[in-house]
Amino acid sequence: MKYGVFLPTTNDGYIYSHASPSYEPTFELLREITVGAEELGFDFAFSMVKFRGYGVDGDGFMDRSVESLTLMSALSGHTSRIGLWASVGVLSMNPAVVARMAATIQDASGGRFGLNIVGGWNRDEYAPMGVWPGDSYYADRYRYVAEYIRVLRGLWATGRLTHHGEFFDLEDCLVQPIPPSPVPVIMAGQSPASTAAAAELADVSFILGDHEVIADASARLVQGASVFDRAVAPAALLGIIARETDEEAIEEAMRYADHVDRVAMANLSGAARKDTEGEASKGNLRVQERVLEGVTMPDDDRAAVVAGACFFSPQLVGSYERVAASLRSLEAAGVDAVALTFPDYVADQKRFAEKVVPLV
Numbered sequence: 000m001k002y003g004v005f006l007p008t009t010n011d012g013y014i015y016s017h018a019s020p021s022y023e024p025t026f027e028l029l030r031e032i033t034v035g036a037e038e039l040g041f042d043f044a045f046s047m048v049k050f051r052g053y054g055v056d057g058d059g060f061m062d063r064s065v066e067s068l069t070l071m072s073a074l075s076g077h078t079s080r081i082g083l084w085a086s087v088g089v090l091s092m093n094p095a096v097v098a099r100m101a102a103t104i105q106d107a108s109g110g111r112f113g114l115n116i117v118g119g120w121n122r123d124e125y126a127p128m129g130v131w132p133g134d135s136y137y138a139d140r141y142r143y144v145a146e147y148i149r150v151l152r153g154l155w156a157t158g159r160l161t162h163h164g165e166f167f168d169l170e171d172c173l174v175q176p177i178p179p180s181p182v183p184v185i186m187a188g189q190s191p192a193s194t195a196a197a198a199e200l201a202d203v204s205f206i207l208g209d210h211e212v213i214a215d216a217s218a219r220l221v222q223g224a225s226v227f228d229r230a231v232a233p234a235a236l237l238g239i240i241a242r243e244t245d246e247e248a249i250e251e252a253m254r255y256a257d258h259v260d261r262v263a264m265a266n267l268s269g270a271a272r273k274d275t276e277g278e279a280s281k282g283n284l285r286v287q288e289r290v291l292e293g294v295t296m297p298d299d300d301r302a303a304v305v306a307g308a309c310f311f312s313p314q315l316v317g318s319y320e321r322v323a324a325s326l327r328s329l330e331a332a333g334v335d336a337v338a339l340t341f342p343d344y345v346a347d348q349k350r351f352a353e354k355v356v357p358l359v
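Under numbering that gives the first Met the number 0, read the sequence shown as residues 0 to 359, first letter to last.
Derived from the structure by calculation, the hints contain no laboratory data.
Note that the coordinates shown come from a computational prediction; the quantities given were computed from them, not determined experimentally.
Treat the hints with caution; some may be incorrect.
[As the list claims (entries may be wrong)] Okay, the calculated beta carbon distance ranges per label pair:
| id | residue 1 | residue 2 | range |
| --- | --- | --- | --- |
| 1 | M92 | E246 | 45 to 55 Å |
| 2 | A126 | E288 | 21 to 31 Å |
| 3 | D134 | T295 | 36 to 46 Å |
| 4 | V226 | V290 | 33 to 43 Å |
| 5 | P127 | H17 | 36 to 46 Å |
| 6 | G76 | E170 | 15 to 25 Å |
| 7 | L173 | S79 | 26 to 36 Å |
| 8 | Q222 | E27 | 40 to 50 Å |
Glycine included, C-beta positions come from ideal geometry on N, C-alpha and C.
Start from the sequences, fold in the hints, and give me the full structure.
As structure tokens, then:
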């Protein structure tokens, strides 16, 4: 299994709690985390794209964010081995421009770059910039993303493309030089539409959920890709709260949940409700409204999976042994990679590498 760090490119990372570590997404912090991850043996660093968060008047959870592509380009000069995966919100940038940027970063990084394609479910991020096409986009976005990726791959393949599609018109468009090696395309989601798009077009596809959801979606992804005679690597996005004992891990998770940022919780849930076509409104983000009464360990040897209640992504909570057992279970289900978040990145990614990975 490949291990990646999901970089905290927004203020306070991925836990919206008044009790969790607070920090700003400075380049120096992100450089320290990425260089540290490389030294610890992580396989990739992954940065997301975010144009607006969930505070009030632009001052709250995830309202301050660095730009993903330029960040990973800068980090390429400070690293030598670790993969560098950036994200692009497809509504924000023309694919021909992104194709050229990706080719440049792939060259600068020595072939370590990957590009995550974000369809964009949150109208509130894109409407302020004047690039939200209208609410029909909720249903159109998977066709939009598919065409976007076809344009990217066409330009990377030959450096020259004429394309007249539903959303993009290119006439003898040049992107030269082409990337010195293929740029992996990354996607995320587990709705039927997003899974179908990833099966046809992605190299890696991220899934959010508990063990069973991830295993089921991974199987559907692999089966869908086989129809196109291609392979897609299933991956999971998970938070890690791992300590020596279950009790210590549970206490930490509950401390964060007991001090949830209720403004962020309400705004995140409200934004998710607007996406009636994808998984945001049906589970992954609507679950943010959940109040965490307690954490119960499963009957087997795996960690508890805690979603919502102040956690932006599902968390594996438990002892080092339980978290390792969860990762072994996911690997057995066909999951190829995990991108991980941590409360305190510098300390916790070191603890994970030293205490959990050897048990997997």
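Outcome of the hint check:
A beta carbon spacing of about 47 Å between M92 and E246 agrees with the range 45 to 55 Å that was offered as a hint. Checked against the hint of 21 to 31 Å, the pair A126 and E288 passes, with Cβ atoms roughly 23 Å apart. Separation of D134 from T295 is about 39 Å and conforms to the stated range, judged on CB atoms against 36 to 46 Å. The supplied range of 33 to 43 Å is met by V226 and V290, whose beta-carbon atoms lie about 42 Å from each other.
In this structure, P127 and H17 break the distance hint of 36 to 46 Å, their C-beta atoms being roughly 27 Å apart. The hinted range of 15 to 25 Å is not satisfied by G76 and E170, whose Cβ atoms lie roughly 35 Å apart. A beta carbon spacing of about 31 Å between L173 and S79 agrees with the range 26 to 36 Å that was offered as a hint. The supplied range of 40 to 50 Å is met by Q222 and E27, whose beta-carbon atoms lie about 44 Å from each other.
When each numbered hint is compared with the structure, violations occur for hints 5 and 6.
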